[in-house]
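There are 2 protein chains.
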Amino acid sequence: MSVIEELGIRAGEAARELAVVTAEAKNNALEEMARALTSRVDEILGANEEDRKAGIENGMSDALLDRLTLSEKRVGEMAQGLRELAAASDPVGEVVEGWRLANGLEIKKVRVPLGVVGIIYEARPNVTVDAAGLCVKSGNAVILRGSSSAINSNRFLSEVIAHAGESAGLPGGCIQLVPLTDRESAKELMRLRKYVDVLIPRGGAGLIRTVVEESTVPVIETGVGNCHTFVDASADLDMAERIVVNAKTHRPGVCNAMETMLVHEAVAAEFLPRVAQELTQLGVELRGCERTQEILQGVKAATEDDWYEEYLDLILAVRVVPSLQEAIRHINTYGSQHSEAIVTSDLDAARRFTAGVDSADVYVNASTRFTDGGQFGLGAEIGISTQKLHARGPMGLRELTSTKFIIYGDGQVRS
Amino acid sequence: MSVIEELGIRAGEAARELAVVTAEAKNNALEEMARALTSRVDEILGANEEDRKAGIENGMSDALLDRLTLSEKRVGEMAQGLRELAAASDPVGEVVEGWRLANGLEIKKVRVPLGVVGIIYEARPNVTVDAAGLCVKSGNAVILRGSSSAINSNRFLSEVIAHAGESAGLPGGCIQLVPLTDRESAKELMRLRKYVDVLIPRGGAGLIRTVVEESTVPVIETGVGNCHTFVDASADLDMAERIVVNAKTHRPGVCNAMETMLVHEAVAAEFLPRVAQELTQLGVELRGCERTQEILQGVKAATEDDWYEEYLDLILAVRVVPSLQEAIRHINTYGSQHSEAIVTSDLDAARRFTAGVDSADVYVNASTRFTDGGQFGLGAEIGISTQKLHARGPMGLRELTSTKFIIYGDGQVRS
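Protein chains in written order, with this note's numbering: chain A, 1 to 415; chain B, 1001 to 1415.
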């Protein structure tokens, strides 16, 4: 039996036990895990330093190195995250709905854990703790599969929290890290359908594509955000400027940042020069369609590829469109169904845009940057789903559960 | 471009249009489709006769031939199914929840169609109409892929309803049948992730396994039912007998029929002889564990394989278990997470069984045969999900939808 299969069997057994553990016991365990993190911060930083050294030796980029690096403050934030989960309400056991049939059968649909959740993620070691906390709270056993670049940090963090959880009474095997970081072991995890109920990839587009292609375990696709803002003919242009600048520059490296701006031709000549000036001052490179280039001298041409691109950087594709209809068509053609916004003062345009755009989160007169479990008030977030099955948009604790029907009778048979 | 890809593109375009069609227009179309079926029944039966002839020539079994065969009555039932869908309430547009954030943003989570639904199914041509009706009602474009043995029936039925739907104003391409029945075209459909939002296989275990293995499109696994009834130590044995006999013999060829009976050792000596007599009289073959064989002379031995088997026939595996705990363990080990029942008068046993058994539908003192969308009062059913993502148990119209977040603001940006 392979290492991965052993992990799967152990997780399956743990999940069965964890499913019936009380909320109180899970919350105590989360508190215990938080305490363990803060009390062992020096060792955690030591393990992280090994990963950092290896990263520097291997010529890791500054951005990746920053994501990899832990500090006392970051460890404190992880612990705080666990304490907040302990304080959150437990989704398991919620009666979603229920009714009585004519024959007397009493049916209720009850929220239950998914079972075993696999998380495949890249550099950031905080995912180890955040994802494990969310899974424990929602009654799921978790199999964590991080990247080789963070293996020392991940190994130590997972050991600390798994041990603390077990000490507090959680079944062994609730939190397991895949000790291997080669491609084959990742692929084996993706095909462990017998033991793993869902796989959530957290990382770049390449990772997500691989998981979607290779996995026989059901996958929740997360995170790729090619987000749009459409400045309609009737837009308040001051508001549009604020929203566009926020959506592009507030944090360009995240999935809910805007990547393409669409501008109605009726306001393009007035709006583009003013917003271009501000964006350029903030360091944004513009890539425009022909109409945009006519209005804004010296702007580089956008290619077909640009419309598909998730830059995650201070680059913005700009296109002038003849109509709301064309804006919707553009978004549905090139977008990743994540987050889109319209700036308008026209009620009909708002209604047509929100109905016609096929994305998880559709905004009227607000920045796409709000797409986030915390901002939405859902509490901690395991990711943002860009698929339509099971969950769509920011996923909180509830999205880490399934349901079962429980039916009570007194001898009913079918005739 | 391949035939399959063309179908996908056309379905995607149709889905975008269909998503914003009113309930009234969809209901009119469903009525029109029903009328078309009844008015063209002779031609439908003619097309079906071609399939039947080919089936007989190819030595098709009687059971399969029965599933393939249409009659005026069966066509009438299909039409009636469409009229019932027209009368059902529309799931699209339901505001699932909504709230206002501190910053004034108004969030609502609204039910929307999934988009494009692919159905891969075996012999029964009524699925063509039933599935298309459910998809149209829930605002989804559907790509139907039936088996070669029913190709003439499926082609004619799909043409009749697609044409009727279009005449009534539905966008073209809402209902499409894959004209090919080779394996390669099925596999291509399974990998058409760009255009197909979900794939639902309806058929035997082999078909479902293939789809799960091959598909990159998200799949909802349906239907395989290795269902159990556990007769507890405290069971009312008269009730237990009624439930067991109903669950095994009422319709043995369907997924919610019982395949294994577990009996607590405390009542095995009393219960097994009486229930065995009745089951045997009804033509049921028993396959027992060693303890069962000690109590029931002449019963064939059950092998490890029997515990995994979905017989879909008048065969029952029987095992005597020492405890409730062991019954739960057996079900979670060998079952297919479909439907299980306990017969008991012990409250604690009922609670432990319903909590511990990891299946879509868990019954106390009732037959597993009730697992059905119609029986549950959900209306028509597209299948019974045995996976945990998105939907679990009987799936009705609501399970053919997703949601989107629509957020209204007045210029909010993130700080």
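Hints in this document: simulated from the structure, not taken from any laboratory. Quick reminder that beta carbons are idealized off the backbone N, C-alpha and C, glycines included. Misleading hints may appear alongside valid ones.
[Claimed, not checked] Heads up, incomplete: computed chain B residues facing chain A, CB under 7 Å, no partners named:
| id | residue |
| --- | --- |
| 1 | 1020 |
| 2 | 1022 |
| 3 | 1406 |
| 4 | 1413 |
[Unchecked claim] Over the 12 Å line for every Cβ pair with chain B, so calculated as not near, a few chain A residues:
| id | residue |
| --- | --- |
| 5 | 197 |
| 6 | 361 |
| 7 | 399 |
So, going through the hints one by one against the coordinates:
1. Annotation: interface hint on residue 1020 (chain B) holds; nearest CB of chain A at approximately 5 Å, less than 7 Å.
2. Hint status for residue 1022 (chain B): violated, given a least beta-carbon distance of 11 Å to chain A, over 7 Å.
3. Given the 7 Å rule on beta carbons, the hint for residue 1406 (chain B) holds: about 5 Å separates it from the nearest Cβ of chain A.
4. The restraint placing residue 1413 (chain B) at the interface with chain A holds, with a minimum CB-CB distance near 4 Å, inside the 7 Å limit.
5. Look at residue 197 (chain A): its CB is around 5 Å from the nearest CB on chain B, not clear of 12 Å, so calling it non-interface is violated.
6. Residue-level check failed: residue 361 (chain A) sits 5 Å from the nearest beta carbon of chain B, not beyond 12 Å.
7. Not every beta carbon of chain B lies more than 12 Å from that of residue 399 (chain A), the smallest distance being close to 10 Å; the non-interface claim is violated.
When each numbered hint is compared with the structure, violations occur for hints 2, 5, 6 and 7.
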